[in-house]
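Line order of the protein sequences matches chains A and B.
If you read the first sequence in the working numbering, its first letter stands for residue 1, the second for the next number, and so on.
If you read the second sequence in the working numbering, its first letter stands for residue 1001, the second for the next number, and so on.
There may be inaccurate statements among the hints.
[What the hints assert, rightly or not] Just some of the chain B residues that point at chain A, by a computed CB distance under 8 Å: (1) L1206; (2) D1207; (3) G1274.
[Stated by the list, open to error] A few chain B residues facing chain A, derived, Cβ under 10 Å: (4) I1202; (5) L1234; (6) F1236; (7) T1254.
[Said to hold, decoys possible] A few chain A positions that, by computed beta-carbon distances, are all more than 10 Å from chain B: (8) T27; (9) I40; (10) V53; (11) R68; (12) L70; (13) Y71; (14) G107; (15) R113; (16) V142; (17) G165; (18) G170; (19) R184; (20) L205; (21) L211; (22) A215.
The set of hints was computed from the structure by calculation and includes no laboratory data.
Here a beta-carbon is modelled for each residue, glycine too, at the ideal position from N, C-alpha and C.
Spelled out from the first residue to the last, the chains are:
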Amino acid sequence: MSTTTYTQTAGTRARVASPAVTAVKGTPSQTGVWVAVSAIAMSFAALTSALIVREGAGADWHRFVLPRILYLDTIILIASSFTLELSRKRFAAAANPSATASGSASGASTARRSDGLYWLNMTLTLGLLFVVGQVLAWRSLVSQGVFLATGPSSSFFYVLTAMHGLHLLGGVLGLIYVGSRLRRNARNAQNSLGTAAVYWHFMDLLWVYLLMVIAIRM
Amino acid sequence: MSDASAQPEVHHLAPPTGFIRKHVFSLDHKVIGLQYYGLALAAVFIGMVLSWLFRIHLGWATAAIPGLQLFSPNGAPGGLITPEYYLSLLTMHGTIMVFFVLTNAPFAGFGNYFLPIQIGAEDMAFPRFNMMSFWTTFAAFLVMMAAFFVHDGPPISGWTAYATLSSIGKDAGPGEAMGQNLWAVSIALFCIGQLLGSLNFIATTLDLRTKGMTLSRMPISTWAWFITACIGLLAFADLLPACILLILDRTAGTSFFNPAGMVVSDNLQPHSGGSPLLWQHLFWFFGHPEVYIAIIPAFGIVAHILPTFMRKPLLGGMRVLIGCLIAAGFLSYMVWGHHMFVSGMNPYSAILFSVPTLIITIPFTVSTLIFLGSIYGANLRFTSASLFSLGFISVFISGGISGFFLAQPSLDTYLHATYFVVAHFHFVMAVAAIFGIFAGTYFWMPKMIGRMMNEGLGKLHFWLTFIGVYCIFMPMHYLGLAGNVRRYSAFTDNYLIPLIPVHKFITIAALLTGAAQFIFFYNLIHTRWWGVQAPDNPWDATTLEWSTTSPPPFDNFGGRHLVVRQDPYEYSVEGAATDFIMQTATDTIAKH
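Please model the entire structure based on the sequences and the hints provided.
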């Protein structure tokens, strides 16, 4: 990197050599996903602080029994992060056939790729299972008579879970897209998988955080 | 990763041939930039007409405006504006101007057009997101405009939409039924559009710079758009959930903002325990950074234009100014409470918000001193662009000084609900940003449409506008000190009646200044079709946008991959053949 500090002292700027330099850059999609993750984190930080303010504002904050299925959902989502990492490892190994010890490098590579796709599909299935589980949690609350407008705690519960669920469905769409790129063996498809993984793990982490907020406050 | 892997993201886009892809759903950042600019032009025209309507009402409260009853039979029966309709006009003026003009033009408009070009990129990092960003914003604008045409008109809760006025629905007054719903949906859509835009700006700046374009070689305007994108990313990510909560309170019976036991219009409201202050916190945590989203791009544009017409770099180099803008952006998240000094705040909290508010004046004072110090002794070329840049500095200082007073809770308690605040924010944010837009327009329009704007008309436009805005907003300080409350549709109290002539003066000034803007509209339209062909570099400027044709080709540089070898503002370098050295020039300059 060049250090181009200059002091314009009385217009004395003579001409001497200075080399051209190349800026160090990343891929836009990797940068983009981190930027998106910060924005989403900000949204949920705003909602959480709103929750704390709202809890203190009125005497109408009632706790309710959290549906047990939420904990099962949590395990499912955490598991999906692991399966996604398994998938990434398989694709990374498939991309480096020289690292394999076996004789037929391309055969091993194809096997790893189909393995990778298997774990990617598993991730997708677990992600969708999580969403189904969240809907079941809502139904369980509804059967208890806890609705969106029942009280502030239930309002926040539905808003937080719905917003997280929508973002997670976005992640599902992203994974489906990445999966189709991987199947087509598109250029940079593996980078896309890495990008999608950042988002997916963040959704996982965000849910664990939300569950803690919900469990403590509701 | 090198840019080899980054380029496929944009490279596969061939120049479009169909009309729709070329001009409507275009992926080209230049077309999208012009679309944003055009949307801002339409919005500013509507916002200006709205201000004329309520200014006439403020000067002559009993005067009917002929024909207005056709537009709103309920709001203006017989052409006479009702107090509620006055509030509707005020709300829409503020909303349109802040969101669809001050955010759209200097940031999304010019930023989209020039950020990729100034860093030597072929397009934004995510062209499809970019297109979605504009069309989401456009949809937001249509939804907002729809509020004029629903039964009870636009909302009356101001551009800040304070709960509970905004959150309890139709009992709160006309415009608070469907009008306010449309407002909330529109702003939520707007947030999504801006988030997509900010994402693009950040990724593009970080990853798509051409060879040699280090961060320290980026033009200051690009820096300003980048900083603004970072601010906007967090600010709109806060306003979006706030709007969702507001929509739920209004439509789903929740009580985020609505307290218990409210009786409005003789109806007990079915809510419990909500906090109206919560909305103010969420809103102003967005709202104060939003002020900087409007002003920092204008700062960048002015700091980009001035060296060109001074023929020398800014005092202290770029780093001090960039540092100031970053500091201001950072501090903007710590001062939201100063908008709430009179909302019922613990006095100790008020001090906590007052101190950073005073600290935030330091980077801005340093910035303006850099401008003034740089101009001192410069061989300034007076063009429309440089005049509007100087005008920007003038109005920013005039508006900034009143900020020192408002930053103090004890003074703000008196001044907050008066015209003093109206004067303050119109100078420091609205007029200053508009001057930045005008400066950018006169400077860059030759590049954007390939034709030179008429300088004579531009200078006439500047002087009329410059004198006009001072006539409009300076007297408002006096009105505020005299205790003239804002957001009243008519002044019937004894102590206010003697102030009405001042309002009449302001109204006449506003009408004349508004009329002067037609010179600008005329100049713009005339230039577009009949202007003199613009050369590639009409101002002898140095940055990359002047290294290409006017207007630039689809891929910005005609297949060339530029290599940047110079800092952005190498003017009047001793020993150079010309008094400017392009960023791509192979000359070598010693740095002391």
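A quick look at each hint next to the structure:
1. L1206: Because about 5 Å separates B:L1206 from the closest Cβ in chain A, which is inside the 8 Å limit, the hint holds.
2. D1207: This hint holds: B:D1207 lies near chain A, its Cβ roughly 5 Å from the closest one there, short of 8 Å.
3. G1274: 7 Å, holds
4. I1202: Status holds, d = 5 Å.
5. L1234: Cβ of B:L1234 sits 5 Å from chain A, so the hint holds.
6. F1236: This interface hint holds because 8 Å falls under the 10 Å limit.
7. T1254: 4 Å, holds
8. T27: 5 Å, violated
9. I40: Not fine: 7 Å to the nearest Cβ puts A:I40 too close to chain B.
10. V53: 5 Å, violated
11. R68: For A:R68, whose nearest Cβ neighbour in chain B is about 25 Å away, the distance exceeds 10 Å, so it holds.
12. L70: Consistent with the label, A:L70 stays out of reach of chain B, its closest Cβ about 21 Å off (over 10 Å).
13. Y71: Non-interface label on A:Y71 holds, nearest chain B Cβ at 26 Å vs cutoff 10 Å.
14. G107: Non-interface label stands for A:G107: nearest chain B Cβ at 28 Å, farther than 10 Å.
15. R113: Correct as stated: the minimum Cβ-Cβ distance to chain B is 21 Å, above 10 Å.
16. V142: Label holds. Min Cβ-Cβ 14 Å, cutoff 10 Å.
17. G165: Given a closest Cβ separation of 14 Å, the condition holds.
18. G170: Check passes; 12 Å lies beyond 10 Å.
19. R184: 14 Å, holds
20. L205: Given a closest Cβ separation of 17 Å, the condition holds.
21. L211: A:L211 clear of chain B: closest Cβ-Cβ about 18 Å, beyond 10 Å.
22. A215: Its Cβ never comes within 10 Å of chain B, the nearest being 21 Å, so this holds.
Hints 8, 9 and 10, counting from the list given before, are not met by this structure.
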